[in-house]
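Asker: With the hints as your guide, set chains L and U onto chain Y.
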Amino acid sequence: MLERIWLIPLLPALGAAFQFFFGRKVKKSVVSLVSVGLPGVSFAWAIGCFFALLGRPEHLFTKVLYDWWPVGAFHLSSGAMGNLNVHVGFLLDPLSAVMMLVVTGVGFIIHVYSIGYMAHEGGYYRFFGYMNLFMFSMLVLVLSDNFLMMFVGWEGVGLCSYLLIGFFFHRRSASDAGKKAFVVNRIGDAAFLLGMMLIVVTFGTVNFQAVTEAARSGHYPILDPTITAICILLFIGAIGKSAQIPLYVWLPDAMEGPTPVSALIHAATMVTAGVYMVSRANALFMLAPAAMALVAGIGAATAFFAATIAITQNDIKRVLAYSTISQLGYMFTACGVGAFAAGIFHLMSHAFFKALLFLAAGSVIHALSGEQDMRKMGGLREKIPVTYWTYLIAALAISGIPPLSGFVSKDEILWQSYAGPHGHLVLWVAGWVTAGLTALYMFRQIYMTFHGTSRVEPEVEHHIHESPRSMLAALVTLAGLSVIGGFIGWPDLLGGSDRLGHFLDPVFENPVPVALKNYSAGREFDLMFLSVLIACTGIYVAYRIYVRRPEVADRVAKSFGPGYEILLNKYYVDELYDALFVNRVKNIGNAASGFDQYVVDGGVNGVGWTTRLTANLSRLWDLYVIDGAVNVAAFFTKLMSYPARVIQTGLVQSYAWLIVLGVLIFMGYYLVHF
Amino acid sequence: MVAEVTFFILSALALGSAVMVITRRNPVHSALWLIVTLFSVGGVFLILRAPFLFAVQIILYVGGIMVLIIFVIMLVSVDVSGRQQQFSRQWLVGLTTVLILAAELGYALYRGSKGFLLARSAPAAALENNTQAIGTALYQNYMLPVEIASILLLVAMVGAVLMAKRKME
Amino acid sequence: MTTVSIPDVMRILPELILAGFAILVMLFEPFVPAGRKRVLGWIALLGVLVAGMAFTWAPPNAGMAFSGSIAADGFSYFFIFLFLTIAALALLGSINYLERDNIHHAEYYALILFSTVGMCFMAASAELIMIFLGLEISSLSTYVLAGFRRHDPRSNESAMKYFLLGSFATAFFLYGIAFVYGLTGTTNLVDLAADLAQPGKWSTLTRAALILMFVGLAFKVSTVPFQIWTPDVYQGAPAPVTAFLSTGPKAAAFAVLVRIFLGLAGPSGPAAFWVIWISAALTMTVGNFAALLQKNVKRMLAYSAIAHAGYVLVGLAAAMASGSTEGASAVLFYLAAYAFMNVGAFLLIAHLAGPGEGRTEISDFTGLGRAAPGAAACLTVFMLSLSGIPSTAGFFAKFYVFRASVHAGLIGLTIIAVLNSVVSVYYYLNLVVTMYMREGEPQAARTPMPLPLYSAIAASLFAIFYLGLYPNHFLLLSTLSSKPLP
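Residue numbers (the numbering used here), protein chains in the order written: chain Y, 1 to 674; chain L, 1 to 169; chain U, 1 to 486.
By construction, these hints were calculated from the structure, which means they are not laboratory data. Please note that the accuracy of each hint is not assured.
Said to hold, decoys possible - Cross-link-like lysine to any residue pairs, in silico, SDA-like; alpha carbons within 25 Å at most:
#1 K201(U) <-> M157(L)
#2 K114(L) <-> Y669(Y)
#3 K25(Y) <-> Y454(U)
#4 K201(U) <-> Y669(Y)
#5 K114(L) <-> Y181(U)
#6 K201(U) <-> H673(Y)
#7 K179(Y) <-> Y454(U)
#8 K37(U) <-> I129(U)
#9 K114(L) <-> I177(U)
#10 K27(Y) <-> P450(U)
#11 K383(Y) <-> R318(Y)
#12 K376(Y) <-> V433(Y)
#13 K376(Y) <-> F168(Y)
#14 K179(Y) <-> E441(U)
#15 K25(Y) <-> L461(U)
#16 K37(U) <-> L101(L)
#17 K165(L) <-> P450(U)
#18 K114(L) <-> E441(U)
#19 K25(Y) <-> G374(U)
#20 K63(Y) <-> T212(Y)
#21 K201(U) <-> G668(Y)
As the list claims (entries may be wrong) - One side only, chain Y facing chain L, incomplete, derived with CB under 8 Å:
#22 I488
#23 W657
#24 L661
#25 L664
#26 G668
#27 L671
We put the CB at the ideal spot given by N, CA and C, even for glycine.
Chain Y on its own, in the form it takes in the complex (with noise of 0.2 Å):
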């Protein structure tokens, strides 16, 4: 079983293939059974694997697959010589038997729901073929022993989703929200990179076993700048993929693909990546304080203000893109604190209660023929009582009312940021409000959507329709394990074992130390008890608000005044980026470039009056290069190309005397010089 554990990305893979191949010629129903049960195959495989870790004592398997790039000797940073070698291998331990879970398993759900949700769009194989492809990449990143291979699947997934999110292509609003991912997407993994090569120097070794005992071998000096820097650069890379502040633009955009891909990439797998790799390299952030304090300060923020957001979103699924940047951001605190663990478990329940958020949004949005404004909808509860119900359960979840997964993991991280190692008030406080935030817009989704009287169209009203069997099939799975995914991780304090925390234990083992601070098991409780309390309130004014007295809402709104602008507005961040970096780069008919160019120069003005000068010149220009570096040198290229041009007049008499030319100065160096 584990032996052959290749299989399970190499499954997704072969069915991204099959629809490449023979896709558009074959049945819609064979495209589905191959594409849906190809990953089917692969989490019953992951499944399998998983047990057969369990028999394993020290819940450890490599295996490598055979050299990938040998790369040779070198000389490290330290003037020791280094000889680099990089396998395709796979690591399965505790830690990425979780992801592998979580990624085959809420991906196969997900592919289920599809066959439903997809079946009226064009280019049904198409979709799949990029589905497929994407649960390849992920599983490559999940399982991969390297952070080279990492990074191929990091970037896989990153053109999946870009591929994805573009998939109505038709619409312009799609192909840009396709673009903007991809090109903020690349700041990122320009940062992932640089940490990559400043590892590849300092240890010799991509590999995360060696990289991670090297780091535990107490060699490192704690506070390590080069160390530090790695982690920075690491963390950047996370950023981009996890959509935080300052990367996270890209996120509510890119819910112009379709609802199941939100749901697959953009909430339950590849956004979740950076918090993955984060805890990955754990070893190396324990060494790192001050990068974890970077880590927990822009989790913590990011969780406050991405939740402010979404309070005044209108579109059901913006509000449920910044939800996830929100609980993205809660995973950071914890990586911030030292409690990776913790990050992990809320990894797993978020995947369950978003994946089913999205899809049961989704859901909604096919009963309603397309419509995704909430201030058109209302009143749904009983003609799709199903979805209601389920979206119901998964929003408790978020919200974090007990015993649902999401109170569990959630009340782990606010535990963990406010009694851990690395903890502070301030942490807790954030995150505190957060969770109140967070039972506020969820409940203020529920209510406007699914209360209340009816505001919708009305020739779209007469079509609401529950949606197919296998769309609720997936809703119902994904509700059940959002009601029992929290036991896997239950507290002590509350009877339980925390057995997930355990298990992962043995990867989070650092030598330095994470003992808590010492509280009493009370401050717990009361925590805990405070948590739930907001949870409450949050729902109590969603309640007050949206149902009791609908007309209120206006009036809170307006007499938030500015507040509410802001809010609505989303912190304007979109417009000062744009003002910032894209409305000045489009002067030069370059957005996509012009904007790596400003983030990485940062003299804007310098380079604003650099590329004033040169979109005088290059009117030639019609293409997006994303790299701005080569931009700028396509532009001189091109200058010096003309020369080139000249020569070639197409005589043949001119070519013949060219070849004489040549022949005649290389004969004359020779002649000259020997």
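Answerer: Using the frame of chain Y, we list chains L and U on its own:
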């Protein structure tokens, strides 16, 4: 002494007529000058006491190939090429380049002439075996190149027929 | 006294089989009804397979044959197999192309086979006369092939230019051979090396002769300033022919360059080395920069072919500078990797260009990513590989060349090469961007790929990924093959 003088005269004749070949506008004239060139080279072979090569040169090139060429020229309308505009007007540039190249090669020859194994005329005694020696060289040491040359000729033939055929169904 | 021996014949068996099949194909044509000419293609392909299998099943002993004319060594085996592969791919890609454009004649297949014979002799000969003959055979065949679309003026122009300039350049090669013969009294590379090893044998004239020979070969591999014919000829020739032309003869000429320059350069090593160095730098730069401006896919790939010749020259320069096998093996690896991606790209373009090759502008490919996702994806892979993106063959090809040149201490040249490969990404991705990110209806053909072409493309893709993911096996092979006999 006589041989050297003859050699220089023949070489000058060969080169001079070669220049005439490429500068004449009338193809028939070019062909006739080419015959002169080939004859002169044949003469050089004779000075080197290589009678077989001399004979082959005269019989094959002058007698066979040149006649064919002239036939072809006669078949194709001669006037057309005479009336056509000359494409290249950069003959001065071309000439300069060629002269410089020639000077370079001349310089290289001058510098390297010591190492050059100058062809010497075979002693009179070897004369009888000359034809035999060529036969041995061609069919023993250079057997493979000779055979492979047949492939080259076949390809050239196929190519020529293919290019020349007006229409192919 | 030498006679023809069986082992000698075994050492040129593939060439003999190919030549035999070439004649067979032409003899067969009258017996094949007009509509079923593709049979001829299959016969030609069978010839290539038989040649390959004969060589695999009865591998000859390494050694010299035919009075030292033929050097049967790992080096020549490597190239012969490479040429057979290229020929097979080109044949597969040609069958439907010829049918589509109504130029289906047996001579096409025969000439491809003959050209392969010539290339094999070029790589396997240790005798300058033989090398010259091989060069002429392969050149003559390709001159005719380039003009095979006889009713297309572009094709005629291509053939004419190639023929005139090619003959011109070969004359230089022959002139060089004449000088060498005059200086040493031999044209055999082994004897030549022995002769030139004596003190005082190297003179200005020897170097001039070497330069002249280099020019003749440089024309075939199209290095600056002898690249000038390349864009016109590649653009005008039928695309499957260009696929063949841009890989086979080029690799053969490189094989000769490696054999001559690594074997002979001797005390003039530094001198010959600088010519290679300068050529490499110029070739990469001119090729890449000129490619940036192209609007025509075939022309762009022609300039890219020039640039790639420059990268291979970097490997050659490294081999000459360090004397280790690393450079030579990088050259071999590069040529093979390049063959797969370039043949694949041109064959695919031949198909997409539609009847009469009317659609070869880059703008014709707008939106192809949606109209023909399979073909567009394959073309993307070829472009990515050509630009050297990791996990494709192109990446490791470049990587090994650059590594060899760094190890040989050619830091300056490596920097030029790396900068150049960065520049090249721009125009390769331009095509990808055009296919996927531009709105519009593609002009390129959307007919499904016929099976023979499909299998050629699939084989190329497989090779690209195989070399990109498991480069080690092949690197080992090219390292073992990188020591020519003399």
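Asker: Could you run down the list of hints and mark each one as holding or not?
Answerer: Hints versus structure:
no.	hint	in the structure
1	K201(U) <-> M157(L)	violated (41 Å)
2	K114(L) <-> Y669(Y)	holds (22 Å)
3	K25(Y) <-> Y454(U)	holds (16 Å)
4	K201(U) <-> Y669(Y)	holds (20 Å)
5	K114(L) <-> Y181(U)	holds (14 Å)
6	K201(U) <-> H673(Y)	holds (18 Å)
7	K179(Y) <-> Y454(U)	violated (32 Å)
8	K37(U) <-> I129(U)	violated (37 Å)
9	K114(L) <-> I177(U)	holds (18 Å)
10	K27(Y) <-> P450(U)	holds (21 Å)
11	K383(Y) <-> R318(Y)	holds (23 Å)
12	K376(Y) <-> V433(Y)	violated (29 Å)
13	K376(Y) <-> F168(Y)	holds (23 Å)
14	K179(Y) <-> E441(U)	holds (20 Å)
15	K25(Y) <-> L461(U)	holds (21 Å)
16	K37(U) <-> L101(L)	violated (50 Å)
17	K165(L) <-> P450(U)	violated (30 Å)
18	K114(L) <-> E441(U)	violated (70 Å)
19	K25(Y) <-> G374(U)	holds (12 Å)
20	K63(Y) <-> T212(Y)	holds (17 Å)
21	K201(U) <-> G668(Y)	holds (21 Å)
22	I488	violated (76 Å)
23	W657	holds (6 Å)
24	L661	holds (6 Å)
25	L664	holds (5 Å)
26	G668	holds (6 Å)
27	L671	holds (6 Å)
Against the hints set out earlier in the document, violations occur for numbers 1, 7, 8, 12, 16, 17, 18, 22.
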